[in-house]
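Participant: Sequence:
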Amino acid sequence: MTQRKAIKSALISVFDKGGLEPIVKELHANGVTIYSTGGTQAFIEGFDIPVVRVEDLTSYPSILGGRVKTLHPKVFGGILTRRDHEGDQQQITEFEIPEIDLVIVDLYPFEDTVASGASHQDIIEKIDIGGISLIRAAAKNYKDVVIIPSKEQYAPFLEIIQANNCETSLEERKGFSRDAFDVSSHYDTHIFNYFNQGEKEIFKQSMKPAKVLRYGENPHQKGIFHGDMDALFDKLHGKELSYNNLLDVDAAVNLMAEFKNDDPTFAILKHNNACGLATRSTIAQAYRDALAGDPVSAFGGILIANRPIDLACATQIHELFCEVVIAPAYDEDALEVLKGKKNRIILVQKEVEFPKRQFRTLLNGVLEQDKDFKTEVAEDLETRTNTSPTAEQIEDLLFANKLVKHTKSNTIVLAKGKQLLASGTGQTSRVDALRQAIHKAQSFNFDLNGAVMASDAFFPFPDCVEIADNAGITSVIQPGGSIKDQLSIDYCNNHGISMVFSGNRHFKH
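Residue numbering for the sequence shown follows the numbering used here, beginning at 4 and increasing consecutively.
Hint data in this document are derived by calculation from the structure and do not stem from the laboratory.
Just to be clear, a hint being listed does not mean it is correct.
In silico DSBU-like pairs for lysine-lysine, Cα to Cα no more than 30 Å straight-line [to be verified]: (1) K225 with K359; (2) K154 with K20; (3) K20 with K263; (4) K203 with K374; (5) K207 with K511; (6) K8 with K203; (7) K377 with K359; (8) K207 with K154; (9) K238 with K143; (10) K225 with K203; (11) K238 with K263; (12) K129 with K28; (13) K143 with K211; (14) K263 with K511.
Turn these sequences into a full structure, and let the hints guide you.
Facilitator: Take a look at the structure:
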């Protein structure tokens with residue numbers, strides 16, 4: 004490691020003072036001259052630590068309601084001066100500019116202000132100008148200056164100066180410089196996206212924090228989750244979520260969002276697709292009927308409920324090996340039962356607004372699209388056959404259509420009595436998806452007579468409705484839109500099947 008460099012002077016300007024106290028006390032104990040202004044100055048002086056006011060250094064007061072405080076050559080000259088550059092040293096001597104060895108900044112909380120629903124003017128006032136400039140200047144001159152760009156760096160910085168008599172190495176300063184440009188680029192990205200609102204087709208995203216996972220999709224792949232998982236869930240028990248767990252959890256949460264305001268509903272997912280789903284009068288019964296949809300695939304699955312899990316439900320769940328259980332809450336006795344398996348991950352889902360856009364890397368770029376928030380209701384359905392679906396069938400059609408939206412294409416979903424009987428998932432042919440669903444339903448002894456069928460896309464030929472009819476299915480929902488729609492309509496009319504068009508395709512690849 005290279006020779007360490009002593010910190011003799013520091014400029015401190017932070018929005019959030021939390022965690023700053025031990026740092027300023029350590030600096031003071033080591034004889035460091037501290038420059039500051041405004042609220043930060045008052046905070047430091049509250050510990051009987053002397054502070055040189057920035058206004059006294061620059062001979063300029065804070066002006067424009069605090070918008071201009073540190074933007075001055077005597078501040079930025081002291082940060083940017085190169086200690087080994089003769090010309091720089093001559094100029095700071097000529098203009099009486101003191102060298103500044105350390106800059107500590109915590110920016111105005113722009114993201115939090117936007118998230119709070121504040122007014123546009125309040126948001127504008129939380130665009131930090133001086134702080135971001137200080138960060139970039141100090142980070143650029145990391146050879147001579149330490150930059151602490153946010154509260155996240157307080158702890159490692161304090162550890163360094165306590166262990167090394169307020170000295171830092173070049174490697175440490177470069178590391179903080181890297182962090183600084185991470186902070187500044189993240190900050191600017193969120194400001195741009197606030198102003199852009201999708202008007203310009205530019206891909207800029209920055210997410211914090213990042214969590215390194217045990218591995219990626221397979222053990223030989225590295226996996227990282229970028230995002231704040233704690234904002235989404237309270238984890239009550241179990242091992243760490245894996246990459247594949249997270250994919251399944253995402254699928255489960257998106258699916259259950261369709262049933263948020265419905266009667267008690269339970270879903271079981273495996274490899275991003277539902278293998279069980281039911282809506283019932285109690286959450287325990289909903290789980291029991293969801294499990295009946297495919298008790299084989301449920302092994303090692305992800306379980307999610309739209310209602311708190313009670314003891315009756317938890318007792319049944321405990322008999323199944325499952326990776327994750329998600330619910331809005333748990334009764335205390337139910338939670339104790341579920342904790343009986345030490346690795347079982349138990350999550351409480353919080354009320355969070357999810358992103359409205361989604362991204363996928365491919366080739367040498369990124370695909371971006373709106374999330375599929377379209378959920379059909381009864382008023383959206385257009386009956387295209389002589390026979391109209393009954394009120395009960397319409398409920399089942401809408402139930403199945405919610406599920407088909409969240410199942411890998413090509414897909415067919417069979418349902419009856421608000422219970423998933425079976426689905427054909429990820430098939431290259433819609434006919435194959437239907438045959439897979441029928442075979443699966445029959446293998447678990449479901450009676451398909453009177454069941455409904457949902458398709459994620461239109462039928463170009465009448466073969467699917469014919470196969471469904473032969474299996475006992477009596478009502479169909481599909482988007483419509485094929486130039487040969489009439490062939491399927493004619494078959495349904497000739498065989499007493501009701502069919503409605505939703506008008507919306509729901510591919511999921």
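Participant: Could you run down the list of hints and mark each one as holding or not?
Facilitator: Evaluation of the provided hints:
A C-alpha spacing of about 27 Å is found between K225 and K359, which places the hinted pair at or below 30 Å, so the restraint holds. A C-alpha spacing of about 9 Å is found between K154 and K20, which places the hinted pair at or below 30 Å, so the restraint holds. Taken as a hint, the K20 and K263 pair is broken in the structure, with Cα atoms around 40 Å apart against an allowance of 30 Å. Between the alpha carbons of K203 and K374 the distance comes to roughly 18 Å, so the proposed pair stays at or under 30 Å and holds.
For the suggested pair K207 and K511, the alpha carbons sit about 24 Å apart, so the restraint of at most 30 Å is met. Of the supplied pair hints, the one linking K8 and K203 is violated, its CA atoms being roughly 46 Å apart against a limit of 30 Å. Pair hint K377 plus K359 holds up; C-alpha atoms about 12 Å apart against a cutoff of 30 Å. Restraint check: the Cα-Cα separation between K207 and K154 comes to about 24 Å, which is no more than 30 Å; the hinted pair holds.
A hinted pair counts as satisfied when its Cα atoms are at most 30 Å apart, and K238 with K143 does not qualify at roughly 40 Å. Taking the CA atoms of K225 and K203, the gap is near 33 Å; set against the 30 Å cutoff, the hint is violated. A distance of roughly 20 Å separates the Cα atoms of K238 and K263; the hinted pair therefore holds under the 30 Å criterion. Distance check on the hinted pair: K129 and K28 sit about 29 Å apart at the alpha-carbon level, within 30 Å; holds.
A threshold of 30 Å between alpha carbons decides the hint, and for K143 with K211 the separation of about 23 Å falls inside it, so the pair holds. Between K263 and K511, the direct Cα distance comes to roughly 21 Å. Compliance with the 30 Å bound is thereby established for this hinted pair.
Hint violations for this structure: numbers 3, 6, 9 and 10, all remaining hints satisfied.
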